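Undergrad: Let chain A serve as the given structure and place chain B on it in line with the hints.
Number of protein chains: 2
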Amino acid sequence: MNMKEANKKAVEIILKGQPTLVGIGKALDVIPGMKEDIFLHAGPPITWERMSGPLKGAIIGGLIYEGKATNQAEAEKIAESNGIKFAPCHHHDTVGPMAGVVTPSMPVFIMENKTFGNKSYCTLNEGLGKVLRYGAFSDEVIDRLKWMEKTLAPVLKEGLKIYGGEMNIKNLIAQALLMGDEGHNRNKGGTSLFIREIAPSLIRSSFDRESVAKVIEFIHSNDHFFLNLTMPAAKCIIQAAEGIKGCSILTTMARNGTDFGIRVSSMPDKWFVGKAQDVDGLYFPGYSLKDANPDIGDSVITETAGFGGFAMAAAPAIVQFVGGTPKDAIRMTLEMYEICEGENDTFKIPALNFKGSPTGIDLAKIIETGILPSINTGIAHKDPGIGQVGAGLVKPPRNCFEEAFEEFVNSMEKELSNE
Amino acid sequence: MNMKEANKKAVEIILKGQPTLVGIGKALDVIPGMKEDIFLHAGPPITWERMSGPLKGAIIGGLIYEGKATNQAEAEKIAESNGIKFAPCHHHDTVGPMAGVVTPSMPVFIMENKTFGNKSYCTLNEGLGKVLRYGAFSDEVIDRLKWMEKTLAPVLKEGLKIYGGEMNIKNLIAQALLMGDEGHNRNKGGTSLFIREIAPSLIRSSFDRESVAKVIEFIHSNDHFFLNLTMPAAKCIIQAAEGIKGCSILTTMARNGTDFGIRVSSMPDKWFVGKAQDVDGLYFPGYSLKDANPDIGDSVITETAGFGGFAMAAAPAIVQFVGGTPKDAIRMTLEMYEICEGENDTFKIPALNFKGSPTGIDLAKIIETGILPSINTGIAHKDPGIGQVGAGLVKPPRNCFEEAFEEFVNSMEKELSNE
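Chains as they are written, first to last, in my numbering: chain A, 3 to 421; chain B, 3 to 421.
Please keep in mind that the hints were generated in silico from the structure rather than gathered at the bench. Note that the structure is a prediction, hence the values are computed from the model and not measured. Do not take every clue at face value.
Any copy will do: because identical chains look the same in the list, a pair fits if it lies in one copy or spans two.
The calculated lysine-lysine pairs, modelled on BS3-like cross-linking and capped at a C-alpha distance of 27 Å, are [stated by the list, open to error]:
1) K416 x K148
2) K384 x K28
3) K163 x K216
4) K172 x K87
5) K216 x K148
Pulled out of the complex, with its shape left as it was, chain A reads as follows (with noise of 0.2 Å):
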């Protein structure tokens, strides 16, 4: 199979792909190589002396979370002696937006593309401002996880048995492109649809009546709850293309704050890597270019898949809270065609006459035209402890693709001389 043949090929399975939310699971039991004593995180693998703040901020928070530490100084001692192993979300088929720290305790959305079998995982959305995902590790944010461990999760984990014990969630997304979304920076429609889907069969289960309630009022106090169902949807969605020899298609972007890392389809397992850029955003009042960490998060997924920055145009409502005009959102989506293999068939832009979403990345599209793919994302503050400063638009490092590419080319060559 030639690179063309592969990279369609890939886009097939990128379209039929249906992710489904399936349950909701304790991460120690569900994430496949989990372990008590490993944390998961966002981006390509990083140490703790590398990690930036906001990330050493959320492993802080995670082990408070986890009562291995009850305090800062605790924690960072436990870190820095090796006392918990680091691991990318990407290497446990799960995914985590900004600092993306996953430990074992934390209750995660298990979802599984139907049409292959494979499955993904990712937490569920705490909320903005001062949340262990943006660094933020204040009793407020471990009294919320627990909650979220003790009330949330149990609470949509039966309300979703009730529902059916599956959600279609590909095709939630589909509507909500519709409704102004995106599916990254902007998931308003999502969360709204995701709250009228379940709440019936909350209101259904078990539990007391103010506790769903208040799950509800919680979800609804987030537009990005919808985030934590995008992430998985678009992870299942293009694991399923890992691994097609000779395919140029980029199966992963993410950001550890201090790495930015790609994966391609032929070589699935190998990252490349570059520095994680600055972030070109609105700010939060009182803050500024000089408090943001750069780049960071596994969220990047959704524009993998097909969609998040990619799908843009449908989004002019985010500029309010990313920066620019409805008329760059468009021509964000328009310049992405340029890079991607095809079009989605259910992932539609209103406004350019619903035309797919540009979809499924292709490396060797990137060095041709020097294009790299625009990513819509939050903004953390540099520091731990402190969380969300900001959202806005990044473009990835160059390099990392430059030498993606050349090790695409060599392995071609080689698979070539062999045959």
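TA: For chain B alone, kept in the frame of chain A given last:
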């Protein structure tokens, strides 16, 4: 005050409007002037003999629902023999979608314009297909109306009290316009937002859990549920601008399925009517223009108040329901600025870089430019008892505007000669 000043004042009043849901009551108890033997209907005044099929069907259904008749023949006899009086919703501060029939026992939303204190009323939306407002009156229609009276309305009424007694509907419409709604024929965002807002309070109500779950499922099953909140919101916005001397802004557009009628601010009680027109739209499978009743309903109050079809550029996905392309939707909104006095400061259109929706239809500008207002609408079957057969776009008849303008000019001249 000259016309220019009067029109400016009218738009100021329109923009200051704060439509707020303040309660749910029984039509007989809360609608001013409502009596046991009055049925309200959409559009300008009309006799039973001249009523179109869907309006007759809704009257028949209303008589059965009220227990005044047990079948179509009995109902028709009552209607023919003046056993019931008919009055336009608009004569009772009320608006009704499609046939717009409001009978004494029906529950209605109570909307208050918090800035000016005036109130408006509207029934609760029944859903799509075989429903009273499209002229259907089978057992399933009547049973649903009874369930709405006995369960839906009481649950929502208590829920609204628990919510705090008031819900700001203007804010929800503004949010919905950022979610791809235009507030007339696309209300998916608004319906979603309403569910998000009210669900926790419904759960905290004294009603059994199954009733609460069914209420949310009912709203969830019908993306037009929010229409019956945008309509009275529009009505109470525009009511406040009625009766301004020298003002040529339209304060009513409405159709009864036979006639299209308008009223002008300076002549608030005077209807100018023309023939209701055919709707250009998309039909449900098995139906076509030959099955369609002409334009019907009070829902054009949304356009009158500065959103609905006038904000169609905010709702590109609506074209899947009413026909045309997203570009047509933008063109339609742009054209409406030509006949409007102002731009909305709350209802913004993302695709037009957050330009305010065209607001305050100026009769003088319609005459000057020759541009008629554009309206989104549902399409009812022309015969009683069937229901909705499609949705589309329609223009009003030109003569009612010409006649209104002639009378407006005459009254202005009289005014001047009296000074």
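Undergrad: If you test the structure against every hint from before, which numbers come out violated?
TA: 1, 2 and 4
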